[in-house]
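There are 2 protein chains.
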Amino acid sequence: MTCLRLSAVERAQLAMMLEVTAFPKPGNVDRCHDYPETRLEHFLASTIFARPALEEAELGKGRLGEIIKHAVRDTNCHAGGNTHFGAFILLIPLVYGKTIEGAMAAIANTESSDAVAFYKAFAMTAVKMNATDDLDVNDPHTLTLIRERDMNLLDIMQHSAANDMVAREWVTGFPLSRRGADLLKENGPGRDSIVRTFLTLLAMEPDTFIAKKHGMEVARETMMAARDVLDGKRSIEDLDEECIRRNINPGSIADITIAAIFLALGEGWSWDS
Amino acid sequence: MTCLRLSAVERAQLAMMLEVTAFPKPGNVDRCHDYPETRLEHFLASTIFARPALEEAELGKGRLGEIIKHAVRDTNCHAGGNTHFGAFILLIPLVYGKTIEGAMAAIANTESSDAVAFYKAFAMTAVKMNATDDLDVNDPHTLTLIRERDMNLLDIMQHSAANDMVAREWVTGFPLSRRGADLLKENGPGRDSIVRTFLTLLAMEPDTFIAKKHGMEVARETMMAARDVLDGKRSIEDLDEECIRRNINPGSIADITIAAIFLALGEGWSWDS
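As given, the protein sequences belong to chains A and B, one line each in that order. Under our numbering, think of the first position of the first sequence as 1, with each following residue one higher. Under our numbering, think of the first position of the second sequence as 1, with each following residue one higher.
Watch out, some of these pointers could steer you wrong.
No distinction is drawn between identical chains; accordingly, a pair holds when it is met within one copy or between any pair of copies.
Within a straight-line C-alpha distance of at most 25 Å, the following computed SDA-like cross-link-like pairs (lysine to any residue) qualify [claimed, not checked]: (1) Lys212 <-> Glu58; (2) Lys98 <-> Asp74; (3) Lys233 <-> Ser7; (4) Lys98 <-> Pro52.
Hints are computed from structural coordinates only; laboratory data are not their basis.
Build out the structure end to end from the sequences listed, making use of the hints.
Put into structure tokens, the structure is as follows:
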């Protein structure tokens with residue numbers, strides 16, 4: 001069997017596919033569990049439709065904000081709502097820059113036009129960001145503020161970083177994505193490694209997607225419950241069941257896991273055990 | 001939500017993804033069931049890796065045999081074995097020709113070079129074709145015969161058509177793929193429609209992939225069992241369980257279902273219910 005090295009685009013798509021199909025993942029869509037509005041097939045369709053924007057990123061030309069907007073626009077073609085917005089925030093700069101260092105350089109080079117494009121992408125999704133601050137995505141005044149203050153896309157992410165672990169990766173240099181990639185390589189090849197890595201990340205950091213929906217207390221509670229699973233005090237199926245029942249979705253840990261898989265695939269980690 | 005019309009490439013990839021994720025499908029890999037050697041993730045990786053060859057086909061240039069060979073080569077990059085060889089035999093000409101009529105015209109225009117390329121693709125897979133005839137893929141003499149007789153790719157398919165319902169589609173004008181597309185549109189949108197269509201096709205024709213592995217008697221038996229499910233005499237889960245236990249895989253009906261989904265998506269059928 002001859003196998004050329006995977007391209008960055010293929011690694012990104014594989015990462016999206018492998019993360020969503022890995023199971024069991026407490027509280028999230030996977031092979032064995034859909035939500036009424038959002039199903040596995042929506043995530044997989046999004047993986048297919050993301051191709052052109054990922055190819056733009058791979059060329060390393062064009063503007064990061066525009067490319068993210070294209071990814072969101074092209075993957076909005078189904079009824080499943082926001083599937084990969086957070087994943088694109090991580091994947092697009094990583095594909096563009098080829099490494100974390102390259103991603104950070106591209107991020108530093110963004111301008112207010114990127115911030116404007118990003119907000120337009122944001123408005124296409126139903127994602128709630130900080131509802132209480134002055135950068136409200138639905139307020140046209142926001143775009144004026146962005147231009148007046150000459151905020152680039154890094155400034156935008158900085159603005160949300162306290163409450164959004166995905167945005168925080170842009171500010172801090174992708175440490176959680178890096179950690180996840182290292183965990184995958186330690187945990188071995190294949191699906192079980194993805195599940196263990198997801199759970200380990202969940203046990204280390206409160207998921208800010210949970211915090212936004214349910215408050216930080218529930219996010220911490222979920223983190224400690226993941227630790228209990230890793231310590232053998234509780235089954236993963238039991239935690240999955242509770243998260244589903246209470247609609248607790250570790251969506252940001254999922255996004256970080258996608259970025260981790262992307263990095264690990266480029267460093268020799270095998271998805272195919 | 002703005003949605004541009006799906007391209008032929010996207011329809012082909014969606015078709016591959018939707019077919020494999022539909023469940024329950026008696027005896028085949030789906031969301032709830034893997035085989036030890038071949039898992040859902042292999043089929044989904046193949047869907048991603050097929051993109052360049054499908055894009056070649058969409059351009060409508062190049063040679064059908066070469067494009068099929070590229071599709072097989074690019075999707076061989078995993079340990080799951082042959083996942084989509086039959087699906088490519090159907091999808092590549094349909095994407096290339098844009099319609100069944102266009103596909104048949106392209107098929108008629110193939111030459112011995114396409115047949116040679118096809119046999120080289122074939123040799124990359126572990127698929128058994130007719131072991132008893134004189135066109136043995138592992139026999140280098142075969143390629144000499146093909147050139148001497150100036151057989152084109154249609155001639156090759158004609159040679160296998162009696163025992164292979166996928167090859168037969170090339171000879172007879174894709175009637176089963178057409179029937180499947182019509183069934184999908186009758187059965188309504190979404191996953192349940194795919195399952196019902198798969199079952200209906202299975203109940204109408206003995207699956208030649210089953211026949212090659214287990215003999216025509218078992219293929220007919222499976223066809224009649226599918227009819228029992230449609231008639232309410234038996235549950236689909238029960239048939240699925242028996243097929244898994246006996247390693248009965250309706251692989252060619254799956255390939256035809258993929259082609260049917262591809263056609264139906266281009267005719268207004270909605271996958272997203």
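Going through the hints against the structure:
| no. | hint | result |
| --- | --- | --- |
| 1 | Lys212 <-> Glu58 | neither (32 Å within a copy, 44 Å between copies) |
| 2 | Lys98 <-> Asp74 | both (22 Å within a copy, 23 Å between copies) |
| 3 | Lys233 <-> Ser7 | neither (41 Å within a copy, 50 Å between copies) |
| 4 | Lys98 <-> Pro52 | both (17 Å within a copy, 21 Å between copies) |
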